[in-house]
Amino acid sequence: MAEITLEKVVKKYGAVGVVHGIDLSIAHQEFVVLVGPSGCGKSTTLRMIAGLEDITGGLVKIGGQVVNDLPPRKRNISMVFQNYALYPHMNVRDNLGFGLKIAGQSPAEITKRVNEAADILGLAPLLDRTPAELSGGQRQRVAMGRAIVRNPDAFLFDEPLSNLDAKLRGQMRAEIKKLHQKVKTTVVYVTHDQVEAMTLADRIVVMKDGHIEQVGTPMEVFNHPLSTFVATFIGSPPMNLLPGLIEGSTVRLADGTGVPVPDRLKQFVRDGMAVQLGIRPDDISPVGHGLSQDGPGAEVALTVDLAEPLGMESLIYTRLAGQEVQAKLYGPRIVQPGEVLTFRLALDRAHLFDAATGKSVRVQ
Amino acid sequence: MIRALTTRRTEMAPFLLLLPAIATMLFVVALPLVFSLWTSLTPYKLTKPDTLYDFIWFRNYTRIFGDWDFWEAFLRTIAFLTVAINLEFALGLGIALLINKITWGQRTLRTIMMFPMMFSPILVGFQFKFLFNDHIGVVNNALQSLGLTDQAIPWLVDANLAMFSITLAEVWMSTSVFAILLLAGLFAMPRDPLEAARVDGCNPWQVFRHITLPFLMPFAYIAMAIRSLDVARAYDLVAVMTDGGPAGRTELLWTLIARTGYDEAKMGQANAMAYISTILSVLFTWHFYRKLVAARRYMGGAE
Amino acid sequence: MTVSVESRASKQAKKVALWLATFLLMLVMCVPGLWVVLSAFRPNREILAKPPVWVPEELSLVNFGKIFGFGAEQVGIPVGSYFTNSLIIALTSTVMALIIGVAGGYSFARYRFRFKGGIFLGLMLFRAVPGIALSLPVFMMWSRLGLVDTKLGLIIVYVSLNVPFTIWLIDGFFRQIPQALSEAAQVDGCTRWQAFWKIEFPLAKSGIAAAGVFAFLTSWNEFALASQLTRSTDSKTLPVGLLDFTAQFTIDWAGMCAMAVIIIIPALILTFIVQKHLIAGLTFGGVKG
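Residue numbers (our numbering), protein chains in the order written: chain A, 38 to 401; chain B, -3 to 299; chain C, 15 to 303.
One or more of the hints may lead you astray.
[As the list claims (entries may be wrong)] Listing some non-contacts, in silico: residues in chain C with all C-beta distances to chain A over 12 Å:
no.: 1; residue: 38
no.: 2; residue: 191
no.: 3; residue: 192
no.: 4; residue: 198
no.: 5; residue: 204
no.: 6; residue: 209
no.: 7; residue: 279
no.: 8; residue: 286
[Stated by the list, open to error] As a list, the in silico DSS-like pairs of lysine-lysine whose alpha-carbon atoms are at most 30 Å apart:
no.: 9; chain 1: C; residue 1: 130; chain 2: B; residue 2: 97
no.: 10; chain 1: C; residue 1: 130; chain 2: B; residue 2: 287
no.: 11; chain 1: A; residue 1: 111; chain 2: C; residue 2: 25
no.: 12; chain 1: A; residue 1: 365; chain 2: A; residue 2: 245
no.: 13; chain 1: C; residue 1: 130; chain 2: A; residue 2: 49
no.: 14; chain 1: C; residue 1: 28; chain 2: B; residue 2: 44
no.: 15; chain 1: A; residue 1: 111; chain 2: A; residue 2: 204
no.: 16; chain 1: A; residue 1: 219; chain 2: A; residue 2: 149
no.: 17; chain 1: A; residue 1: 111; chain 2: C; residue 2: 165
no.: 18; chain 1: A; residue 1: 245; chain 2: A; residue 2: 138
no.: 19; chain 1: C; residue 1: 212; chain 2: A; residue 2: 138
no.: 20; chain 1: A; residue 1: 149; chain 2: C; residue 2: 165
no.: 21; chain 1: B; residue 1: 41; chain 2: C; residue 2: 165
These are calculated hints, taken from the structure and not from any lab test.
Cβ coordinates follow ideal geometry from the N, Cα and C atoms, glycine included.
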């Protein structure tokens, strides 16, 4: 069983703290993605799990066993590095088999496992090439092959797709997902790209400044963000945030416009509370051109500043309550700058955050 | 328990790896330097071994500083080094710029440039001694057959000409260090700022002065640091070419030290002079090493 | 029309001037050495001829034979001994300097630790001590230890002479190898020690070889310390031998040229092999090719 547990894990370089006490439980065979902006501590956390960084405080357990003092080779994990870290002086076959050779496996066993991994990843025709002779995507696959060959308890991925171009990134994402379905090993995956997080993860861990902001399935994190940071980090284009004040059951926005407080949130707000109203562009659409027209909504007339046609939908820039806001129009209609349209705000998908703490009003 | 042990062992690792290096340097350099200092405070002569334990404190030094021969050698050495190193830098820069413009056969040119660096200074000295010999040297031979002079020019005998010949030999030997490193710098220089400067209206001289030269300075400092480590190689040159003569006309600090210590057996005094030359060398190196560290950071080598 | 013709002509002129300058430069670089090398293969009378004989009329290995003690005119310079001494001393000190240098260079390249800058500076400053200045106390110490006129005595000194620069170069070479490779190997099952031997060391091999060549040449060419720490053919090296016989009143120029050639050849060969790596190491990989 390869669950990974982090208990109050801390990392400091001298006096500088980089990770400030994280608690996380990763279940056996789960695909967990650590996501967050540069410097949030996600790579450091991964490297502490791997044993490449000393753990300043707290415990890391793999399969129930505390691994704080174990060197990487005793933790039975594999890692795929950002720059692949393929051994340049060995060919693909030797790169794949290196770990097994060190472990003292018989040549027959090594050949068998190397060929298996090569088959899974389509590397068979490349076995005699050296890393210098491979393309970026091929190198990436060799790195993954090297990881699966050893049958570890967990795979650790450190931003493996950052060095690939957009199209290749999409292909490799799908390959990684298929691999996980096939090989079913626990995965801890680090990235700064929220699209990768959303598409690959069983659960997402959003990190910021050495803390965990929120843990949840992609849909949980997308639909029920617990802070403005998570709300704006996950989802593209990012959620619109509008400052306002609670007046009874209305959110009074900066220019006086009133938006009804969504029913489900009424119990969490008080009169006079300063809040931020959060609503995704997907949830603001011209009437008749939105995702759904049922459920509680509020209608408001807005002037279009700019429209970016994307084919079957357009991204619209407009102003609400004196602030620039993005909205989406679904359908082939072309919209001109200056047009005034009635927009519908889907209230059941709107969020309220405490203006001072940034936290969702549901978490008080 | 286990945790503490492993952490401490990892912390000790770099020091353990450096132990042989530090031990060697302490035994072969630091210890002798201490010994040298001691000796410089005594009137030690190899012929009178017990004088090693008489302490005359700084009398050797005051005697040296009052000795005109010492000052002559000292100043001559300083002048020699100043002229030589400045020439090496200027010529090295010129050569680097020249080779940079050649598009064909650069690797061969660069290899040829490295040869003078790899010659033993003794060899270089011998080579020029051979060429500049007044009777059989090829230089005089050629000059005479071409009719440019009718006398044998005393390249290695006349005071000024001898210093000139020695300086020439030194420059010939060490210009390559600058040339190679500055050339490396020119290779590494990004083209965009140069083009931007030209578009902005700079003439070639301005482009050189404001864009190229600042970029090259780190490489120049690396060269200076390397040069400063081996400044005393010139001793080998002089020892072969003139050995400080004739009659002390080309006496440099180092030949004076060798003469005083080994020929005249005045070890105490020689060590005092040696200490002065050591302090100078060390200061010189330290100065350029600091510039080198700055250059290293600039080049992106992390601490 | 006129403008473009002018600029093409001036471009041509510039190119010619460039090539001329380069040619002259190469001439200045090579001719002195070439003249010595050439003279080594010519009999004494040709060398001493006035006016100078530019094109050799007779080439032979007579001079080489002479100095080794063969042939009709035996000069009796124990060049053979000098050569073996130089070789043994240079090789041994190089190997030891490399071992110490790889350890030290690795520690600088891979670890962060206190006093790092200070230790590096210290090593460099120790190297800055002039050879002749160091030779005085070392001579006194070595005579008490019985190490004067021994190969071992010189080897020990040369190791310390080479350690700083070797560490500097090897530090640079190790930095060019991404640390992720060692980490990947450790994740793959290696201890740090294994990762070093199987991954980092093979990749740094050519750089280490270059540092070795540099150390070898430093020892091969060294004079100031050798001249004082050696007394007889038990330990005298080639540079000392060259000076000894050049300082004589009547010099056998041809023979000396032959000896010079013997000293030069290893240097030339090794330089050619190593030049690219040396520059990369000196500039910490800041330059490619």
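Hints, verified against the model:
For residue 38 of chain C, the requirement that its beta carbon stay farther than 12 Å from each beta carbon of chain A is met, with the minimum near 41 Å. The Cβ of residue 191 of chain C sits about 9 Å from the closest Cβ of chain A, inside the 12 Å cut-off, so the non-interface label is violated. Remark: the non-interface label on residue 192 of chain C conflicts with the geometry, its nearest Cβ contact in chain A lying 7 Å away (cut-off 12 Å). The claim that residue 198 of chain C lies off the interface is violated: its Cβ sits roughly 4 Å from the closest Cβ of chain A, which falls inside the 12 Å cut-off.
Against the 12 Å criterion, residue 204 of chain C falls within the reach of chain A, whose nearest CB is about 6 Å from its own CB. For residue 209 of chain C, the non-interface assignment is contradicted: its Cβ lies about 9 Å from the closest Cβ of chain A, within the 12 Å cut-off. The non-interface label for residue 279 of chain C is consistent with chain A: the shortest C-beta to C-beta separation is roughly 32 Å, beyond 12 Å. For residue 286 of chain C, the requirement that its beta carbon stay farther than 12 Å from each beta carbon of chain A is met, with the minimum near 24 Å.
For the suggested pair residue 130 of chain C and residue 97 of chain B, the alpha carbons sit about 40 Å apart, so the restraint of at most 30 Å is broken. In summary, the hint linking residue 130 of chain C to residue 287 of chain B is supported, as the alpha carbons are separated by about 17 Å, within the 30 Å threshold. Proximity of residue 111 of chain A to residue 25 of chain C is assessed by CA-CA distance (about 67 Å); at most 30 Å being required, the pair is judged violated. Of the pairs offered as hints, the one joining residue 365 of chain A and residue 245 of chain A holds, with about 29 Å between alpha carbons and a cut-off of 30 Å not exceeded.
For the proposed pair residue 130 of chain C and residue 49 of chain A, the alpha carbon gap of about 21 Å is at most 30 Å, so the pair holds. Distance restraint check for residue 28 of chain C and residue 44 of chain B: the Cα-Cα separation of roughly 68 Å exceeds the 30 Å cut-off, and the hinted pair is therefore not satisfied. Between residue 111 of chain A and residue 204 of chain A the alpha-carbon distance is near 37 Å, which puts this suggested pair outside the 30 Å criterion. For the suggested pair residue 219 of chain A and residue 149 of chain A, the alpha carbons sit about 18 Å apart, so the restraint of at most 30 Å is met.
A threshold of 30 Å between alpha carbons decides the hint, and for residue 111 of chain A with residue 165 of chain C the separation of about 48 Å lies outside it, so the pair is violated. The suggested pairing of residue 245 of chain A with residue 138 of chain A is violated, with an alpha-carbon distance near 40 Å, which exceeds 30 Å. For the proposed pair residue 212 of chain C and residue 138 of chain A, the alpha carbon gap of about 12 Å is at most 30 Å, so the pair holds. Distance hint between residue 149 of chain A and residue 165 of chain C is unfulfilled; the C-alpha atoms sit about 56 Å from each other, more than 30 Å.
Taking the CA atoms of residue 41 of chain B and residue 165 of chain C, the gap is about 26 Å. The hint holds against a cut of 30 Å.
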